[in-house]
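Spelled out from the first residue to the last, the chains are:
There are 2 protein chains.
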Amino acid sequence: MDGSMEMVKNTEKDDDRLFVSSVDKAFKVLEAFGTDRRDLGLVEIIERTGLNKSAAQRFTHTLHRLGYLEKDMSSRRYMLSHRVLESANSFLRVDPLVNKAIPHIVELRRQLNVRIGLGCLHGLNVMYLIPLQSNQAAFRTAHPGFQIPLYCTTTGRVLLAYRKPEEARAIIERCERTKITPTTITDTDAIMTEINNVRNQGYCITDQEIRIGDINLAAPVFDGRGNAIAAVAAACLRNEFSRKDMETKVAPLVIETARAISTDG
Amino acid sequence: MDGSMEMVKNTEKDDDRLFVSSVDKAFKVLEAFGTDRRDLGLVEIIERTGLNKSAAQRFTHTLHRLGYLEKDMSSRRYMLSHRVLESANSFLRVDPLVNKAIPHIVELRRQLNVRIGLGCLHGLNVMYLIPLQSNQAAFRTAHPGFQIPLYCTTTGRVLLAYRKPEEARAIIERCERTKITPTTITDTDAIMTEINNVRNQGYCITDQEIRIGDINLAAPVFDGRGNAIAAVAAACLRNEFSRKDMETKVAPLVIETARAISTDG
DNA sequence: ATATAAAGTATTGCAATACACTACTAATAT
DNA sequence: ATATTAGTAGTGTATTGCAATACTTTATAT
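One line per chain: the protein sequences are A and B, in this order.
Everything in the first sequence is counted per my numbering, starting at 1 for the first residue and increasing by one.
Everything in the second sequence is counted per my numbering, starting at 1 for the first residue and increasing by one.
Mixed in with the good hints, there may be bad ones.
Claimed, not checked - One side only, chain A facing chain B, incomplete, derived with CB under 10 angstroms: (1) R37; (2) S87; (3) Y162; (4) A251; (5) I255.
For the record, the hints were derived by calculation from the structure and aren't laboratory data.
Glycine is no exception: its CB is placed at the ideal position from the N, C-alpha and C atoms.
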């Protein structure tokens with residue numbers, strides 16, 4: 001009654017009369033299903049989403065009825081249904097970048113016979129739109145939507161290289177930089193040095209910064225306005241490709257592929 | 001005021017106090033984005049979803065703020081964002097069927113060098129969880145979540161073959177059976193005959209029923225309880241594989257792959 | 001075996017949220 | 001220039017979603 005009727009928590013989503021918070025909560029539930037566990041019980045969903053019991057109950061129920069969640073009736077635990085693939089397929093089939101890239105990516109894979117990916121920025125991660133496995137092996141990571149950290153990967157560094165340096169630096173500093181392998185570079189300045197090289201040489205190499213035995217290389221894809229919107233990356237094995245091989249043999253092919261995918265401005 | 005306060009429209013979702021209809025509407029908007037058009041304006045969304053203007057406005061706005069829809073500010077049209085790949089990736093990475101199948105599917109592709117797919121039932125369609133392209137060409141249809149009709153495809157017929165005949169018949173009759181190619185079988189009895197053969201011979205062949213020049217073969221994958229939960233399908237070219245080739249060379253390999261993926265009861 | 005705790009399900013009155021309606025503005029098409 | 005269509009903003013109201021609570025079932029410990 002002291003006149004302070006105004007809420008203090010007007011950070012973002014409040015005071016937005018068009019925002020429907022039920023939708024937000026429903027997606028919080030969907031997003032609770034990550035890659036670590038397959039099925040979740042109600043309490044686990046409550047823990048992961050921050051919703052209360054009633055809300056968790058109502059949104060799991062609703063998503064179940066809509067067919068986006070499966071429910072195992074004996075364990076009463078929920079899991080994602082294959083229905084979530086619907087919108088993913090819609091996206092992939094109509095996205096111009098993906099469609100333009102596919103034949104070039106396939107051809108590059110044929111030439112090098114290594115894993116090839118097309119990735120873009122997604123928050124503080126790189127998301128692969130097309131992760132093409134090599135012909136021999138099949139990786140569990142070879143599905144669209146696969147994400148890897150931004151700061152220690154070729155695709156991430158390439159995409160940062162074509163943004164304003166201070167912007168790139170800010171993004172890197174927001175990353176939780178962990179030493180994934182002994183050779184992972186985590187120092188901001190060191191990463192910035194790598195990034196600065198990219199703009200000069202037109203590609204980026206990382207040497208087992210994310211997986212022992214891998215040496216990777218990526219080059220930028222540009223849109224019509226000259227923005228780097230994606231990168232083509234090749235994941236090679238160190239005992240098949242030396243650093244010199246990467247520079248002299250792999251780099252020209254990857255750069256040429258990325259250029260071919262780029263929209264000619 | 002005549003006492004008829006009760007609603008008449010209690011078909012399904014009403015009288016369900018736990019069902020949150022805002023979530024339903026939000027997903028209606030997401031589902032409006034199919035594979036025919038990339039971007040949609042507000043009115044198109046209204047037409048496809050049946051929502052009114054306010055609702056369409058609020059849910060596009062909400063989905064945009066959540067990052068699931070992109071908005072082109074010049075055309076003010078919406079499109080799916082690559083964020084929809086997140087849950088697809090989560091599903092594919094943790095699904096036991098997919099994980100068990102991948103190495104076998106890859107090996108089968110290596111042996112035959114044709115397109116191989118792992119599909120399951122999804123309403124009146126077959127949905128491919130893993131559509132593996134052949135090594136030479138790349139199809140736009142080679143993304144997870146790709147759907148094909150049930151009634152005229154090997155996977156569909158295989159999956160129906162291991163259900164009760166009357167159930168299978170009912171499903172077929174619910175399909176809108178169009179003659180996709182001149183040789184597409186659309187008659188219910190004729191399809192039932194094909195389906196009955198499947199249970200005897202353990203596989204299904206279709207001869208250019210969905211694409212001229214293709215001859216396809218599929219075999220069932222069973223879960224621990226003996227239910228056919230998926231099928232392995234091989235899409236071959238007619239000028240590379242005769243019907244006899246399919247029966248003698250392809251069928252044993254596909255059946256063996258499907259059996260290897262099946263959970264041993 | 002029995003008790004105890006934990007997880008999941010069902011119900012209800014209340015009020016805040018999402019609703020439809022309307023009015024307004026901007027962009028095409030004629 | 002004018003008409004028409006598409007998209008945006010605002011508002012009072014009641015319907016919808018909310019939290020609290022009670023109840024049932026399953027799991028765990030004693």
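List of violated hint numbers, smallest to largest: Of the numbered hints given earlier, those the structure breaks are 3, 4 and 5, listed in rising order.
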